[in-house]
Structures are given as C-alpha cells and as structure tokens.
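Here is what each chain is made of, one letter per residue.
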Amino acid sequence: MQKTWQRLSQQPQLQAPFRVREVVIDTIRGFFKTQDFLEVETPLLVQRPSTETFLDFFGSELRMAEGQRRPGFLTTSPEYAMKKILVAGFPRVFQVCKSFRNGEGRSPKHNPEFTILEWYRTQADYTDIMRDCEELMLELVAAVNEWRGEAVMPDVEPTLQYQGRTYHLNAPWPRLSVAEAFEQFAGIEVEELLDEVALPKRAATKGYQVTDATSWEQAYHQIFLNEVEPALTQFDRPVFLYDYPTSQAALSRRKADDPRFAERFELYLGGIELGNAFSELIDADEQEARLKADLELRRKEQRPPFELDTDFIEALRLGMPPTGGIAVGVDRLVMLLADVPSIKDTLFFPVEDVFDLE
Amino acid sequence: MATIKGGNITKGNYILFKGAPWLVTKTEFVSPGKGSAFTRAKLKNARTGASQEFTFKSTETIEELDVSSREMQFLYLDGSDAVFMDPRSYEQVSVPVDLLDGREGFLTPDITVYILFYNEAAIGVRLPASVKLKVTYAEDATAGNRVNAPKKPVTVETGLIVQAPLFIKVGDVISIETDGGQYQSRVNE
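Those protein sequence lines, which keep their order, are chains A and B.
According to the working numbering, the residues represented by the first sequence are 155 to 512, in order.
According to the working numbering, the residues represented by the second sequence are 152 to 340, in order.
Pulled out of the complex, with its shape left as it was, chain B reads as follows:
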C-alpha cells in the first residue's frame, strides 16, 4: 500500500485512518508557536460521510487508499443517494450524497463522471474539471459600473447559484469550475 507524509496530504487524497477509509476535504498548515510543523486535515468518512478533523505531524506516515475508478453516467438523486450507471454493463451504483461534499449541484442527467471504488464499495465521485449548465434564473443587469465588471448571482438548472457577469441571461449555458464553483465562460450552443 502506498504511503504519504502528513505534510504532503492534500484535498482529494483518500487515506486509511484508524482502520477506516477517509477522503481529505481540506488541509491547513499549522505551526504551534515554538514547535514542529503539523497539517490539520478535514476528513470525510468514505463509508458514512461523517466528518472529523485531525492534525497530523508533517513527518507522520499515512497509508493512501488503493482506489480504483470507473467511468459512469449520472442517473438521478434518490433521497440521500446519487445513482450512477455503467453504460456498458448497465450496472447501477449508489453513492451517499454526503460524500459529494456539496458538489451534487454539478450533476446533470447523463453527465459522465468517474466513480471511485475501494474494496468494491463506491466511495466517491470524480467530476470533470468543469461542467456546462443552463441558467434558469438571472436578474436583469442593472445599470451599474460596467468598467469594473461586477458580478451577480444566477441560478442554474440544478438549483446551484453562481456569481456570473452581468450580461448572463436566462437560457444561457455557462461553464462552471467544479472545484470551487467559479464561473468560467458563456458557452451558448
């Protein structure tokens, strides 16, 4: 099994911690005044979705999970699960929405994603770097200071709210980064 140093873990790593698989969702450098360096990590249990924080020594050895991935299509949200299907075998898998960490707003029917597996269990979803979503609600641009190009909130088809430029209208399709949810560009087709 691959290992990683406490000082090198980053968001997106899957690790084995106290016998359970965890997704690292956030890391922060900590230096307690007069001491050696540490990394404070936010962890999400890849089975239950429960979160906890743990502070690792930078020099500590952590086991990285042997995660495999398969390309699948998103079908629908079913209560607390997101359901995906393998387009070749038609096999369906469910992933707890908690494990999507708020990124379920990027899922549109038939979008292709990678489902991550650990010991045959689906433990997460890797989204494309950006997704295209249709704007379903946007206020008309007010006559503001356009030189400074301020932004306004717009709602897209999945219910997600994104800060977009003033010229974006209902019906536009926009490209959004899945890491952080930033507006990238208008991609009307």
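Same shape as in the complex, but just chain A:
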C-alpha cells in the first residue's frame, strides 16, 4: 500500500485538504482571539488522566534521574487542565492540540492521535456554546470559500457541499433532545428510555441481541446507533442533539427542571459527530462522586486502573464559575470542509503510515 506522501507526490490534487487544514486552524485561532479568548497549552502527558470508563489510554512511565518512577498517560482530552486554568482566573480559554485514544478500530473518522479543539466560556452554558458553533462554522465556510477563490455573496444563504450533498448552514440550527429523538426515530417514550430493565427488554423485542450481561448503556447505544444516528443523516442542516441521560454525561450539569437529564449536546452534520459540549459540572462533591463511580465501573470492566485527579476536584472546590465548554474534532471539520470522505485524507501521516498494520 502506498504511503500518503507517495500518493501526494503522484497526485498533486490531493494536496488541497492540507491547505484547507491550515485555513481551518488559522480561522479557529482568529475566531477566538478576536473574542478575547486566551490560547493555552496544557500537558499531553499526565499521571492521572480523565476517568472516561470506556476510553483506552496510551500508557508510559515517567522516570526521574533520582530514581522516582510514576505512571504516565497521554491525554484523551485537555479538559481537566483547561478547567483548572478557568479556576486560576482566566474567563475564556481555547486550545488546539493533539489527543490520544487507544484501542479504537479502523474507521474513516478515527485516528489514535488526532487534533482536538476545546473552548470554555465562563458565565455561560451549553446554549452559548451552540451559538459559538454556528458562528464558527459560518466563519470557517467563508474562509475556505475565500481560499478557493469563490466570491463571498452576502445575500446568499451559506451552504456546505459535502460528498454530493448540500447542507444549509443559516442559524439557528435545529435542536433535538435525546428524548425527542428516541421517541421520533425509535418509538421509545422517555420513561422506557430511562428504565434500566425496560430498555434492554425493548431492545430484545426490536430484534437486537440481548443477554443477561447486556447493560442499559449497551441497549441505549445499540438503539441509538441503529435507529437514531442514521436518522440524523437525513437532515440537510447541522443538528444539535441535546440533553443526555445523566449517566451519559459524566462532566455536565444536571438540568434544573429534570435531573434525569444533563446539559450535554453533540453536534451532528450529515450524521457525523463533530463535537461534544456541556454546561460544565461545577459541584465538586457531585463531580468527585461521579468520577469515583466511573473508576469503579472501569475496575468492574477489568480495564487498567488509575488514580483520580484530586487536583481537579480541589480546583472545583475552590470554585469554578458557571461554564459552557466543548471538544471538537478538528480532523473531521477539515474532512467536511475539504469535501473528502475520510480524515485520513487530511493527515500527512495517518496511523497506517506510521505503524505496520495489516
């Protein structure tokens, strides 16, 4: 199989996504800096990574000349560190950096090392982040069009052409709650959705493979991936899927009027998930309890254990203002804006070019 650099040398037209990548990253920086966000850098190598139950980590070890040894992990997201910076007194921060996830399979939308954009706004919640997404996307499309030499038409409705389809980008974008989506696309009412016994049963009657070992989470995702997410590909506009069952939102604030759900949204375009946002959980006790529960679940699933980042809990205890924040997959954004089918087309060295894989 040819390496990307070899294909690029033979087919110069494949260079375009790499130019688009530069335009995208420059535009992201401009977008946040003009709004008085501070660009920050946080460690990619840490002793205590986030507690995400289902994420696999790249692990290494820190060795000091004096003989001390500590476990070291590559971060799956810079979230904890960025929140500590908010507590330190910076009200708006953003970062574009690498993040790492191990144990993932082949997919045109995954690479073990990928570029992530995160931003956090204090005195804000997830609806403010929705507006940021709309504005940022419009600016990105305008910047890429300008780079392509296309005239900017102020009166024309902004669109994105992706893989033969046209997406309409004029804001506000449709918002659909998880409960509404399950009802519309899977015929499941909210009480049944949230019931730990009823949902796996319903999954079984729908024909999914359900055993005694099937958890609520597995049934939820099986239905979500087979019935809800495919329905989202039918939208010709970006969609905010919002208000997730609280168990699916470890770092977000519960809804004041319905604590069964948490203020989390995911942004979808053409069925592709582009970002994951929260009204951040700022209650130190609840955060500590949820992270400990995550670690306990990790232990049950027999995944490698690690320590709780108590420094993060202490930061929350000192006081984090109400905050909205989001993580966005930059490679996927570039893929969409460059109109290529895979993030591998936007990476000079996708994992297949770096590691000998079959």
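If you're looking for bench data, these hints aren't it; they were derived computationally from the structure.
Mixed in with the good hints, there may be bad ones.
[To be verified] Below are the DSS-like pairs computed for lysine-lysine, each with C-alpha atoms no more than 30 Å apart in a straight line:
id	chain 1	residue 1	chain 2	residue 2
1	A	K157	B	K302
2	B	K169	A	K360
3	A	K263	B	K193
4	A	K263	B	K302
5	B	K303	B	K283
[To be verified] Non-contacting residues of chain A with respect to chain B, defined by C-beta distances greater than 10 Å in every case (computed):
id	residue
6	F172
7	G184
8	R202
9	R224
10	L228
11	R285
12	Q317
13	A325
14	E337
15	E346
16	V351
17	P413
18	G424
19	D437
20	E442
21	V508
Don't be surprised by glycine CBs; every beta carbon is placed ideally from N, CA and C.
Since the structure of chain A is already known, use the hints to place chain B on it.
Leaving out everything else, chain B in the frame of chain A:
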C-alpha cells in the same frame, strides 16, 4: 456453526443475521462518545443482493455461515446474472451481479474463480487477488511532470476504468488488484 465477535467481523465475512445469509462488504469502528465500542457493518443479502447497515456490539456473538467453494470458469453476463461453469461437470450456475459488488469489471471469459455456496445456492464469487486486462482506451501521455509520475485514467477490455501510469498505451496488458481496483504493473505478454 462457527461464531465470531461483533468487534472482529471484517469485509468478506459471510454471516447469518435475522435468519438470512449476508456478506459483510464494509466495516467501521464506532465509539459513541461515552460508551462501549461498536462495529457498523454494511451488509449485502446473499440471496437478493439488497444492502443494509447494522451496528453490532463488539461483544455480540454472530454466527458465521458455513460457506463452501468450487472452482469455476466465467462464461458470460446475462442481464442481471453472471453465469459460471464447472469445467469438469459442465454444470452451470448463475450469480446475481448485485452480489459481485461492482467487481464484475474484473471478469473476462474463461477466468477461473471460486464460486461460494451456502445450502447449495451460489451466493458469491471469490476472485483471484489480481487480474490481467487489456487496455482498450488510453489518452496519449501529455508532457507533464514525469518526476512526480502522475497517473491517468485508462479503460480496459471489460469497460473498467483504472488509474494507470502515463506510459500505458492501448494494447498493453496490465495487472489490477481486484480488492480496490488499483493498478499493479504492466504485464505485456
């Protein structure tokens, strides 16, 4: 019957799903944010050729089909079927072209392939890793940047279009990978 885990199914597997035989034509890893891992598979019904997508849990147990294979020769395309013959028994079988998944462009008369059977019914074709096809149309190479060895589209005898190096001319025989359709080399005989 052999089983396979949802996380391990790959393109080319034949599986039993909702009581019907299916060919897996594409798989993709999916991780829904804060959840366990899944595999999204594109499936082609091995009887009808109809396609559908399904997302399996990585831990799910899937039955693999007990598929047998026989060496046969390609005879001709007959509307929506490809017709093959067993060179020993002269028995003929038809396979819906839909089940070839676009690979019918690699079939030349008398090419030897493996026909896959499930419960006596022909459900698919296994092609050799590469095939040799004659170029029937190619534009003259333009004076381009030869150091970078760009490619051009050429048409082969079956109507298939392949990206080939600039030096390939009409009448050349070229070797093409059947998985992906990439040009491999010129093999003039």
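Find the nearest Cβ of chain B to the Cβ of A325 of chain A and say whether that gap is larger than 10 Å. With a cut-off of 10 Å, A325 of chain A remains clear of chain B, as the shortest Cβ separation is near 24 Å.
Interface exclusion of R224 of chain A relative to chain B, criterion Cβ beyond 10 Å: Holds, since 27 Å exceeds 10 Å.
Measure nothing beyond the straight line between the CA atoms of K303 of chain B and K283 of chain B; if it is 30 Å or shorter, mark the hint as holding. holds (18 Å)
If we take the beta carbon of R285 of chain A, is the closest beta carbon in chain B still more than 10 Å away? holds (22 Å)
Over 10 Å from every CB of chain B: does D437 of chain A meet that, or does the non-interface label fail? Correct as stated: the minimum Cβ-Cβ distance to chain B is 19 Å, above 10 Å.
Verify this label for me: V351 of chain A is non-interface relative to chain B, using a Cβ-Cβ cutoff of 10 Å. holds (19 Å)
Given hint K360 of chain A paired with K169 of chain B - CA-CA distance at most 30 Å: holds (11 Å)
Test the statement that E337 of chain A is away from the interface with chain B: the closest C-beta pair must be farther apart than 10 Å. At roughly 19 Å from the nearest Cβ of chain B, E337 of chain A sits farther out than 10 Å, so the non-interface label holds.
Measuring Cβ to Cβ, find out whether G424 of chain A lies farther than 10 Å from everything in chain B. About 15 Å separates G424 of chain A from the closest Cβ of chain B, which puts it past 10 Å; holds.
Given the proposed pairing of K263 of chain A with K193 of chain B, does the C-alpha separation stay at or below 30 Å? Holds, because 16 Å separates the two Cα atoms, which is no more than 30 Å.
Can we confirm that no CB of chain B comes within 10 Å of the CB of E346 of chain A? Holds, since 19 Å exceeds 10 Å.
Nearest-CB test (10 Å) between chain B and Q317 of chain A: holds (15 Å)
Consistency with the previously given hints is maintained throughout, with no hint failing.
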